[in-house]
Amino acid sequence: MAVMTYIEAIRTTLQGEMRRDPTMIILGEDVGKKGGVFLATDGLYDEFGGDRVLDTPLTESMIVGASIGAAVNGLRPVPEIQFADFIMPAFNQIVSEAARMRYRSNNAFGCPITIRAPYGGGVHGALYHSQSVEAFFSHVPGLKVVIPSTPYDARGLLRSSIRDDDPVLYFEHKKMYRSVRGDVPDTDYTVPLGSAKVVREGSQVSVIAYGLMVQYALEAAELLEPDGISVEVVDVRTLRPLDGATLLDSVRKTGKSVVVYEDNRFGGYGAEIAAIMAEEAFDFLDGPVIRVTGPDVPGVPYNHSLEEWFMVNPDRIAAAVRRLAAY
Amino acid sequence: MAVMTYIEAIRTTLQGEMRRDPTMIILGEDVGKKGGVFLATDGLYDEFGGDRVLDTPLTESMIVGASIGAAVNGLRPVPEIQFADFIMPAFNQIVSEAARMRYRSNNAFGCPITIRAPYGGGVHGALYHSQSVEAFFSHVPGLKVVIPSTPYDARGLLRSSIRDDDPVLYFEHKKMYRSVRGDVPDTDYTVPLGSAKVVREGSQVSVIAYGLMVQYALEAAELLEPDGISVEVVDVRTLRPLDGATLLDSVRKTGKSVVVYEDNRFGGYGAEIAAIMAEEAFDFLDGPVIRVTGPDVPGVPYNHSLEEWFMVNPDRIAAAVRRLAAY
Amino acid sequence: MATRTTEPEKSKAKSRKSAVDTELGADLGLSRDDLLEMYRLVALARALDERMWILNRAGKIPFVISGQGHEGAQVGIAYGLKKGLDWMVPYYRSVASLITFGMTPREIMLAQFARGVDPSSGGRQMPGHYGVADRNILSVSSPVATQVLHATGIALAAKLRKTGQIAITYTGEGSSNQGDVHEAMNFAGIHQLPVIFVIENNGYAISVPWSLESAVEDIAVRAAGYAMPGVILDGVDVLGCYRLAQQAIERARSGGGPTLLEAKVSRMTGHSSDDQQTKYRSAEELKEQGSRDPLPRFNRELRDAGVLDDEAEERIKADIKSVVEDATDWAEAQPDPDPATAQQHVYAESPPSRMDDPLWGGARFMGDGGPLTGGEA
Amino acid sequence: MATRTTEPEKSKAKSRKSAVDTELGADLGLSRDDLLEMYRLVALARALDERMWILNRAGKIPFVISGQGHEGAQVGIAYGLKKGLDWMVPYYRSVASLITFGMTPREIMLAQFARGVDPSSGGRQMPGHYGVADRNILSVSSPVATQVLHATGIALAAKLRKTGQIAITYTGEGSSNQGDVHEAMNFAGIHQLPVIFVIENNGYAISVPWSLESAVEDIAVRAAGYAMPGVILDGVDVLGCYRLAQQAIERARSGGGPTLLEAKVSRMTGHSSDDQQTKYRSAEELKEQGSRDPLPRFNRELRDAGVLDDEAEERIKADIKSVVEDATDWAEAQPDPDPATAQQHVYAESPPSRMDDPLWGGARFMGDGGPLTGGEA
Ligand SMILES: Cc1ncc(C[n+]2csc(CCOP(=O)(O)OP(=O)(O)O)c2C)c(N)n1
Ligand SMILES: Cc1ncc(C[n+]2csc(CCOP(=O)(O)OP(=O)(O)O)c2C)c(N)n1
Ligand SMILES: [Mg+2]
Ligand SMILES: [Mg+2]
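Protein chains in written order, with this note's numbering: chain P, 78 to 404; chain L, 78 to 404; chain X, 354 to 730; chain A, 354 to 730.
Wrong hints could be hidden among the right ones.
[Unchecked claim] One side of the interface only, derived from the structure: several residues of chain P facing chain A at Cβ under 10 Å:
#1 107
#2 133
#3 134
#4 159
#5 162
#6 203
#7 204
#8 372
#9 375
#10 376
#11 380
#12 386
[Unchecked claim] Okay, the calculated beta carbon distance ranges per label pair:
#13 P:329 - L:304: 28 to 34 Å
#14 A:671 - X:570: 53 to 59 Å
#15 X:570 - A:629: 46 to 52 Å
#16 P:280 - L:262: 58 to 64 Å
#17 L:360 - P:296: 27 to 33 Å
#18 X:593 - P:126: 39 to 45 Å
#19 A:632 - X:689: 58 to 64 Å
#20 A:435 - P:124: 52 to 58 Å
#21 P:151 - X:665: 40 to 46 Å
#22 X:577 - A:640: 31 to 37 Å
#23 A:412 - X:577: 48 to 54 Å
None of these hints come from the bench; they were simulated from the model. Note that CB positions come from ideal geometry on N, CA and C, so glycine has one too.
Turn these sequences into a full structure, and let the hints guide you.
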């Protein structure tokens, strides 16, 4: 059992899967000699060579499109998109092609690829190096979307994603890369896709979150404990397919829920969770389903004063929970 | 006051705006001599010539990207994307560029373009000629998203969209093009962006819909009238910015709401409406917020028996309302 | 999965014994049987296509997208591929390419009727969206040119896995302006991948003429921008197409890298059954292109060379007639897909996960007496 | 909107009187003043850039993306543009292009410090994302190559509106492989638009060498695929760049259509302040490229031609020193943007509509005592 950072869990898991499966390849911008701009693939080029760790041209549609073809012909590509913000040029290949290959061919073809991308704000990345893009992809049938919040889950979910036979988008919050550490067993464990987790038990309010927001939700829960407000925190972990049962069980128990996401509020991923609560847990709700989110501006602004204004933080979550608890 | 079809209202309004504003241009695939694959621009090439009605190469990213540049330099482009399904190659230009130009430049630059695209199923178009794509764009701050459900609104909203100083996505349900007719005044009226409309008054259940689904909701309301179920139908009309007040007033009155959308259920646009209800109208809700939607498969399948299985229809809406009314 | 079907079809292209039994085929390594088989394929593709239009007018199939005028280039280019080894990544006009590569007329017709056993999509996609897994024919989608990157990825896998496969992909000249084509050729050039990019240039993207699609006369010149050969093929010259395609195939097979083939063809019909091409093409232009029909041209060539005679032509005609009849009648007789299957195959595991199952908590199914909420169910 | 600022800067490029007062400038139509101004611009861009790195190491600005090595080509190419008429659509290494086109050193420094009065973005974007509306300099975003299409659209508007403007846009060689560049050049070629595509080829896309970015030696060869001239510029030869760029400018101005200019330059720093280039570039390679520095080369050229002497160089040095000092100190002294403004300018009308106002029904602001629901507020 080793303690490691979030990114170290990802790097070593990529390494392990490359050793385990000779058909796995990694491709993307700067993933080779440089080891990725965040060093998530550091050392893999040296171990596996340029045939299995490919530095591609600066063309995201090609990175995903070629991965689809390579998957169809027997490889298991794990492309990296340098920043989630730059996945947009590949949107057509992901949404029109990867997501639909199996359904449109009536199961004749599949598309086992895992697209990794760092996402999220709070790192002085401004509009184009801070985005949360999960809402776009979790809406698309045929895709799976994963966002781990701990090194343990980062490894377990990455293994499940790479071994999965369908296209998975695996988003890594770049602010957690080196700030979050945790226990990571060296066993061959996996965390199955499609399972959420209660990461803190509580009785009064359920806070539902994913990625960095789980860490913040836990901090908020700590802040509220002295005031005797008991908070349950649920980590979504897999955004699609969603483990609705675990979320619903929590809310049916507490009767109150706060959905937290860093992305822009309107039409963000948490809207679906709130909608499910309103439809599935209505009889159990003792208060409105509250959302704590980023504001509806086109991106995280750069200047620290503006970025601070944009970002959700533990205090804002705590304040919302406090209000709802008193409702 | 003329009676015309939905597409005729669009075509004549494009013609009128071209006459009114010499800086307006139309560009897209087959919009010239052919007049568009649905004939929405029929005759405009003859009247305004190839400089203002441009047949472009088969490159959507270019159609939108060049429109952004042309808008920055004094034109008012109204690009047509031949099918909403084929807007994906332009996703980066729309979401990363058009939507953010004003905010990222601190209001130094704007992007007055109106992107028209036919959307929707029920026309034997299968996976790639039937899609509803509004959820992707209505999530993006900086964009406006419009979907008219009548010839009257088609004209009034198209005028407002073209005259608006920000990027607007204007989606036209292709099944309504020739099947829906209505009064269209020849006055220079507009329908402002950001205003929903109660299109049928009722007391027991609010059905919230847009596009073709408004027509189906009205049919469902008729089906239920004999049973004494009083249905209010609200037409969203502008998906972003959303007129939340009109929706909330209706639901606070009836206490029950059914949100209808043709798109895939999970993470669809209606999820945001349901979330708003759960947050803003909670105290007034007498039952769960129900969604009647397309199923979560990657597209509308082609064979009539499969397509029929996919599509929302008046009976399905009525059935949901009946259940909710009895709740 | 794809359904194999037995049917009275002669073909299944002969083992390529380069018996020099004709002048014409000599330096091409094509036997008389090969030449007759190639002719049969061109004529069969045309016959299947003509039947589609008849079925369309009869209201039996709502949509036709046609390859008439493209068949000569398609058969010539594909005839030298290795069935069962190589990959074909086609587009919607590829019927002649597909039957040359082993897709059967029954399978072609199943796609038109969108029947449940249709190997292309089980009736889920529009006609023209072909694909057969067990013959390495990748599923066609509608957004143009995306497949060019898939073929490139297939070739990358072939190279890394050392399978000896080559990938060939097809698209139209209008679609070749899409960014994906540029990105694909760039990547294929860097890694010298065993892939062949075929552009079937019929001069129109629906109504948009080549003069408004691009400033260059020949797309082939773009190959130089990716350090690969760009070759122009005369689409009415079946054997000329075969000759030049063979060079590209051998180059790819021997590690020589990718090739861009531009086949100049004519679109002898409207873009599809939804299109009225007289609105944007002049009468004389339409008349002129009659002379660009590969079928009579090939027929004359084979007759002049003494390869084809009345007896052989009659035999082939009869064979094609029965094949088309059989394919049409058999396909039409197959059942529509069962709506109960419509939710299958969203993901590999089935049934798909709870939240992706439209039957779950399905408000839209409340009318069917389903549960009001998952909680109460 | 952009804030104009008065500052002790000499420049504001001279009215181009082609006084033939030097051998060197004679056939270029450049006066001695022009030559000295061009030298000043190259040296000023370098000095501003070097200052950024100092500020970065001092922890005053968290990020630097550098144009060192590119300045010669940038000044040579941009010097002949018409300020106030033409459009510049730059990228993140364009500091030399920008000051040549009229952006001021203070404005450059405001972007580094991300201050409220920064005309590029009011502190909303990272350093390097320049833009000045009142000087026809379009706002830079991060996704590479998107701007190439914007410049093409600007040129389309210039042509249709008959404004006599030309648009010039810049990107790196790695970015030139993006589909948008292919689509832009294709469209510009069809309509012979007054646009110039400049590719600054420094041989690397962050760590990826040109050999893995593309199979061709020169990007310029791709121009033939769009029926436009493709010209290779030696980025260390400032006047050579000016000469060839002038031909492209005159071609565009006179309706002769677009040109692709490929400037061979060297990246004298890491990709950015976040990059360690020694990890992927050898010591000797880094040493070698020292000889590819345009600044000393231009200095020598001007001295050999008797255009630059010690006195003039001292004057320019002093001028630059004061300009850089002033720009840095002044910009640093400006206030940060007010967080209360962060929600402005999502749309033209402000405040943005109710649902787009983060203060509305804002659960995230509940802690600030905001309304629990809009309804009760
Ligand atoms: C991305 C995308 N945009 C638009 C369309 C609609 N469309 C289908 S075929 C076609 C024209 C294709 O022309 P070309 O590439 O020359 O092929 P051809 O049909 O002439 O063989 C268009 C515009 C599409 N299918 N995909
Ligand atoms: C679409 C997109 N993908 C990736 C990136 C990350 N990125 C920023 S600059 C860069 C390299 C650009 O190389 P090149 O085009 O050669 O320009 P240079 O920096 O060398 O001047 C990359 C990969 C980006 N900004 N946009
Ligand atoms: Mg064509
Ligand atoms: Mg570079």
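Checked hints:
no.	hint	result
1	107	holds (5 Å)
2	133	holds (8 Å)
3	134	holds (5 Å)
4	159	holds (9 Å)
5	162	holds (7 Å)
6	203	holds (4 Å)
7	204	holds (6 Å)
8	372	holds (3 Å)
9	375	holds (6 Å)
10	376	holds (8 Å)
11	380	holds (4 Å)
12	386	holds (4 Å)
13	P:329 - L:304: 28 to 34 Å	holds (32 Å)
14	A:671 - X:570: 53 to 59 Å	holds (57 Å)
15	X:570 - A:629: 46 to 52 Å	holds (48 Å)
16	P:280 - L:262: 58 to 64 Å	holds (60 Å)
17	L:360 - P:296: 27 to 33 Å	holds (30 Å)
18	X:593 - P:126: 39 to 45 Å	holds (42 Å)
19	A:632 - X:689: 58 to 64 Å	holds (60 Å)
20	A:435 - P:124: 52 to 58 Å	holds (55 Å)
21	P:151 - X:665: 40 to 46 Å	holds (42 Å)
22	X:577 - A:640: 31 to 37 Å	holds (34 Å)
23	A:412 - X:577: 48 to 54 Å	holds (49 Å)
Checked against the numbered hints given earlier, the structure satisfies every one of them.
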